[in-house]
Each structure stands twice: as structure tokens, then as C-alpha cells.
Amino acid sequence: MAAEKSRLGYKALAVFVKDIKSEIRTRYAIGSIIMFAAVTVIAVGFATGGVGLDRDLQGIVLWLVIYFASVAGLGQSFIKEEENRTALALRIYARSSSVFGGKYLFNLMLLTALVIVIIPLYIVLVGLEIDCYALFISVVILSIIGLAGSTTIIAAIISKASIKGVLFAVLSFPLILPLLLMAIKGTQKSLLTGAAITDGLPELKVLLSYAVVMSVAGFMLFDYVWND
Amino acid sequence: MFGKIGLLLLFAWVIIGAWMFEPPMSGVSNPEVYRIFYFHVPVALVTFMAYCLAMYHGLLYLRNRRLFDDKKSSTAALLGTIFCVLATVSGSIFARQTWGMYWNWDPRQTSIVVLLLTYLAYFSLRSAIADPLKKANLSAVYSILGFIAAVFTIFIWPRIAPGLHPGAPGDSTSGSFIVMSTKTWLVFGPSLLAFAGLYYWLYSLSLKISGLEEENLHV
Amino acid sequence: MKLILENISRSFPGRKVFSNISAVVEKGEILVITGPNGSGKTTLIRIIGSLLPPTSGKVVFNNEDKQFSGSDILRYVGIVAPDLFLYDELTANENIRFFARVSGISRGNFDGELAKFGLQGRGDDMVQSYSSGMKQRLKYILALMKQPPLLLLDEPTSNLDEQGKAVIEDVIKKHVGITVIATNEDSEINYGSRKITLGL
Chain R
1 MAAEKSRLGY
11 KALAVFVKDI
21 KSEIRTRYAI
31 GSIIMFAAVT
41 VIAVGFATGG
51 VGLDRDLQGI
61 VLWLVIYFAS
71 VAGLGQSFIK
81 EEENRTALAL
91 RIYARSSSVF
101 GGKYLFNLML
111 LTALVIVIIP
121 LYIVLVGLEI
131 DCYALFISVV
141 ILSIIGLAGS
151 TTIIAAIISK
161 ASIKGVLFAV
171 LSFPLILPLL
181 LMAIKGTQKS
191 LLTGAAITDG
201 LPELKVLLSY
211 AVVMSVAGFM
221 LFDYVWND
Chain H
1 MFGKIGLLLL
11 FAWVIIGAWM
21 FEPPMSGVSN
31 PEVYRIFYFH
41 VPVALVTFMA
51 YCLAMYHGLL
61 YLRNRRLFDD
71 KKSSTAALLG
81 TIFCVLATVS
91 GSIFARQTWG
101 MYWNWDPRQT
111 SIVVLLLTYL
121 AYFSLRSAIA
131 DPLKKANLSA
141 VYSILGFIAA
151 VFTIFIWPRI
161 APGLHPGAPG
171 DSTSGSFIVM
181 STKTWLVFGP
191 SLLAFAGLYY
201 WLYSLSLKIS
211 GLEEENLHV
Chain W
1 MKLILENISR
11 SFPGRKVFSN
21 ISAVVEKGEI
31 LVITGPNGSG
41 KTTLIRIIGS
51 LLPPTSGKVV
61 FNNEDKQFSG
71 SDILRYVGIV
81 APDLFLYDEL
91 TANENIRFFA
101 RVSGISRGNF
111 DGELAKFGLQ
121 GRGDDMVQSY
131 SSGMKQRLKY
141 ILALMKQPPL
151 LLLDEPTSNL
161 DEQGKAVIED
171 VIKKHVGITV
181 IATNEDSEIN
191 YGSRKITLGL
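Chains as they are written, first to last, in this note's numbering: chain R, 1 to 228; chain H, 1 to 219; chain W, 1 to 200.
Isolated chain R, as found in the complex (with noise of 0.2 Å):
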């Protein structure tokens, strides 16, 4: 049993080892995120000039940002093996499992870069004090792990659409709301002088028991997208 378990960690990893090294060599999904995040945050600091941003929607902003730059990148690991044509290969000497576990690694890689990208910007261009790192940093970490699980299923959906443009926001939307409406709390919750971790908790709690949720949905919904 475990000998099984960390095959199927091997072969995701695998899969995972294979994507970066196509990314590296393509750049399709990074250079699209990235570069819309930083845009849109750079477009925010100029608007809001020396003022800077009202405190509470600075959280809001901030997940506005990554909300969308997800929807704009985190497709690509799913759409490039269909317009490839690789999915068929794919399908064929890879369980679901360890290709779902592969494009996980790969899109929360993909969120972990953004995050780090973005939020130093965001605190230089847009004056973000955050009083309570320990709680930031959590509600970030949370919430990226929750994306990825969530992002994972829906990129495999539309890429087994035919229209796929906006189908992606659309289709994210009522399912991420929960999780950008506890991100946002936690992050405002942070930005108070004073804050400590314990204030943020039922929003934590949230996060991770969604991080969870969607991630093992995803995960066992995955067989029936995949397979067709």
C-alpha cells in the first residue's frame, strides 16, 4: 500500500517535472500571469497616486488581482495539452490520478511565483501595512493551496470545451467566491493595528477546511473529466 502511494506521488511528480520543463521552454502560462498582475497592481498604485489605497479595500484589491490573474494563467497546463494534441498520449500512459496530482504542483507553482511576485509590489506601489504577518502569510498560504484545487478541476473542464475564453472566469467565479470572501476578510483582518493570528481564526478555518474540500473533490471528480 504505501509502495502504491508513493508510485503515485512519483508519477505526479513526474508530470509535474514535465510541465516546468515545457513551461521553461514555451513560457506560456508564467509570462501571462505575472505580467497581468503586475500591470494591473503598477495601473493601481499610479491611479491611487501619492494617496494610496483606503485600508479595507486593499485587501480587496489585492485579491481582485489575483483572483484575475488566476483565471488568466492557471488554464494553461490543461489547454496546451489539448490544443497539442498530447492529452490523448497523456491519458493513455498516465493514471488520472498522477496527471490531476501533476497540474496541481504545477498551477499552486504557479500561484506561489504570483504571490511572491505580486505582494512585495503590492506593499511598495499601493502602501499596504500589514500588522500581522503571521496571519497574512496563513490567509495567503491557505488560500493559494485552495485556488490550485479549485483552479486544477476547472482548467480540465474548459479544456474539454470548444468555446473557451471567458468560460474560465465564469465558471471560477461562484466557486471561488467563498474562498476570495474569507481571503479578503483575513487580509483586512491583518491590516488592524493590533490584529494577532487569533482574530483571523474562524476566517482560517474556512480557508483550509475549503483548501481541503476542493482539493479532494477535485481530485476524485478529475477521472470522469479526464476520461471523457
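No lab work stands behind these hints: they were computed from the structure.
Small disclaimer: the values here were computed from a predicted structure and weren't measured.
Note that beta-carbon positions come from the ideal geometry of N, C-alpha and C, so glycine has one too.
Please note that a few of the clues may not be correct.
Said to hold, decoys possible - A few chain R residues facing chain H, derived, Cβ under 8 Å: (1) Asp-56; (2) Leu-175; (3) Leu-177; (4) Leu-181; (5) Val-206; (6) Tyr-210.
Claimed, not checked - Here are the computed lysine to any residue pairs in the SDA-like style, where the Cα-Cα straight-line distance is at most 25 Å: (7) H:Lys-71 x H:Gly-17; (8) W:Lys-173 x W:Asn-159; (9) R:Lys-164 x H:Leu-116; (10) H:Lys-71 x W:Arg-15; (11) H:Lys-135 x R:Asn-84.
Use these hints to put chains H and W onto chain R, whose structure you have.
Quick look at chains H and W alone, frame taken from chain R:
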């Protein structure tokens, strides 16, 4: 036949009862408007139940691969969407009367809109796929994902965030909840039954019609 | 080892591709599927490989009903087909190693296979730079990696020169298990002990 007469009578009773008895809420500035409780809440409950029905048939499709389950799923969803619009509209009428604005982003208002968006997303997905087997497969999967997210938005969010709806944390009218006395149940219970009955009647009718259409195609 | 096709039919709304296809194939035998273009050869091969569900009927392999069993495919099938595409942006070796790892094969060195199919020395070239004949040979390396009991070949020698064709003939003759070939080439039609003709 009797079912339809029964439904008509139920509705008649609900309409009379909603106006004859005292409004379900006291101690507020405009108690009369709370009568909408007898219509708005059952409709909102039915739309949620409709979504569960759509998801249930989605699950059945994934298990048995019978296209008729997909038909049931999409029919349930279509009617659910209509009920959802009704719930949203009746809710915003209440909002306007009680809190001054049609829309307040109160958590429960948000959750009904999210349910509406989920329904709409479900149909967008269906219209983006041509092959009926793929359509059934993917929309079943989406309905399940939508259900999970809806649970978060409908049940968890309103409990955490402060809101205006009666019963939310920080509710300005807290202390004077809607009193569920026997009198209120006398109207609310039948109302729930009536709207559920209405939904079910429309649902079975739709399925029968599509069944006949299918037969016509093959003939 | 036995492959049984029981009354397989496939149709779309408004079009029947084929129906009542039945066959029994034993170990060591070769089933050949022929027919004009568009008669459904590729569709039938895909159904046999559990990549597509039949509209009705069953595929039974080794006494297990293979009706559309999702991830089960990879355990028993090797496929070469014109609509199978490999990763252009990776080298041949990277493609092989990736598909090997993901199939659970831990071996890292495939130089022997590369040589057998005439690709020696080209292992570290991007598949993008490969000719269609070379890509075809690479597909064979991948399909045979797992020593699959069921080998499905859709147009086995397309894009291959005389030398390539000889190698493939050898592969087919030496395959231990059941081979299913979809083709219109006369030379290949004669490999098979059993034949299904579509499009009649």
C-alpha cells in the same frame, strides 16, 4: 387532477393566511412587509432543493451513464434558476422596504446571487459543449463542484459575517427574531409545501414534454 | 489471453458508423481491421483500447469487461496511431523517460530501443525536429516499453521507409500477445489471421 386542485387550494390558503393573520414579526417599524416571509423563504428553500436535485441527478449520471438523468438534471436546474430569480427579486423588494436599498451585499443576499451565478455558469458550460455525452458528463461534474462551493457560501458565510438579514450576527433587529409560533407555521408550512408542489409539478411536466419530443425525433 | 468483441456498435445521432462487430482473438493471433476511409477503423481501435465507449456491445479482455474502465487502459495496451502526438518541446529521450516514469517503469536507459528503431544518436534532439517517420518510430518505442499484452496499431507503417517497414514487420511477428492492426495496405492485411472489414 386532484393534485392540481389540491395545489390551488394550498396556494389560496397561503395567500389568505399571509394576509389575514398578524405579520410574523413584531417590534419593528414596518411589520407588514415581513409577510413576504411566507413567500420569499419557501421560494429560496425550493431553489436550493432544486439545486440539490440537479446535483443528485448529475451524480446518478456519472454512475449509470443514462442520458435521461442528464435531462432530469438540466430540467431541475432550469426551473431552479427561475425560482432563484424569484427569490432574489422578492428578497430585494423586502430589502428596499426594510433597509432602504434594493441591494446591500448582506451575506444572505450574496448567497442567493451566488446560487444564481452557479446556475448560470452551469448553463454556460452546457452551451459551450456540442457532444451530448460530454455535455452531460462535464455538467454533472460542475454541478457537484458548484454544490460544494454553494454550501460554503450559503451556510458558512452568513454565519460568520455580520449582516442585515433577520438572524445574522450583528443583526440590528436581533432579539426580535421571526417568531415561529404555531400561527406562523400554519401559513409557512403549507406555503413551503405549495411552492415545492408547484416546482415538482412543473418539473414532471417538463420531463414528460421532453420525453415526448424524444419520441418524435425517433419516429 | 483472449480478446472478445461482442456485438460492438458505434453511432452518433443521425449516423451509424458500424454495428454488430464481433470477433474472438487468441494469444499470438493478429486481428486486421480494414475498410475505406471514414469507415470507422480508428474508432473501432479506440473502442478496443477502452479509449471510447461503444454505443452498445462489450469488449472483454482476459475475462474482464473492459467497458470504458478509465485508468485501467495503461496496464494492458500499447498504441501507435496517427493522432497520437508527443511533446514537441521535449527531446526524444525526455519523452521516453517521462512516459516511462509515468507508466511506472523505472529504467532510465533506452539506447537499445533507439538503436533498434534506427534513432541511435538522435535521442537528445527535440521531437520538433523529427521527421514524421522518426516520430512514428518513437511511438513504437513508447508503445512497446511496457511489453503490453494488447498491441493496437493504427496504420502501422505510415510515414515509414522500407527499412522502417521491415522493423515493424519484425515487431508484429515477434509480439507475444494479441495484435490488432487497422490498415488499408495490402501487405499488412495479409499479416492477420482474422479480419474485420468495415464500411460494407
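Now the hints, each set against the structure:
1. The interface hint given for Asp-56 of chain R is broken, as the beta carbon of that residue sits about 13 Å from the closest beta carbon of chain H, more than 8 Å.
2. Among the interface hints, the one on Leu-175 of chain R holds; its C-beta lies about 4 Å from the nearest C-beta in chain H, closer than the 8 Å criterion.
3. Evaluation of the Leu-177 of chain R hint against chain H yields a held restraint, the C-beta minimum of about 6 Å falling below 8 Å.
4. This hint holds: Leu-181 of chain R has a C-beta 6 Å from the nearest C-beta of chain H, less than the 8 Å allowed.
5. Hint status for Val-206 of chain R: holds, given a least beta-carbon distance of 6 Å to chain H, under 8 Å.
6. Interface hint at Tyr-210 of chain R: satisfied, since its Cβ lies 6 Å from the closest Cβ of chain H, which is below the 8 Å cut-off.
7. Restraint check: the Cα-Cα separation between Lys-71 of chain H and Gly-17 of chain H comes to about 37 Å, which exceeds 25 Å; the hinted pair is violated.
8. Note on Lys-173 of chain W and Asn-159 of chain W: the hinted pairing holds, with a Cα-Cα distance of about 20 Å set against a maximum of 25 Å.
9. For the suggested pair Lys-164 of chain R and Leu-116 of chain H, the alpha carbons sit about 21 Å apart, so the restraint of at most 25 Å is met.
10. Taking the CA atoms of Lys-71 of chain H and Arg-15 of chain W, the gap is near 22 Å; set against the 25 Å cutoff, the hint holds.
11. A C-alpha spacing of about 22 Å is found between Lys-135 of chain H and Asn-84 of chain R, which places the hinted pair at or below 25 Å, so the restraint holds.
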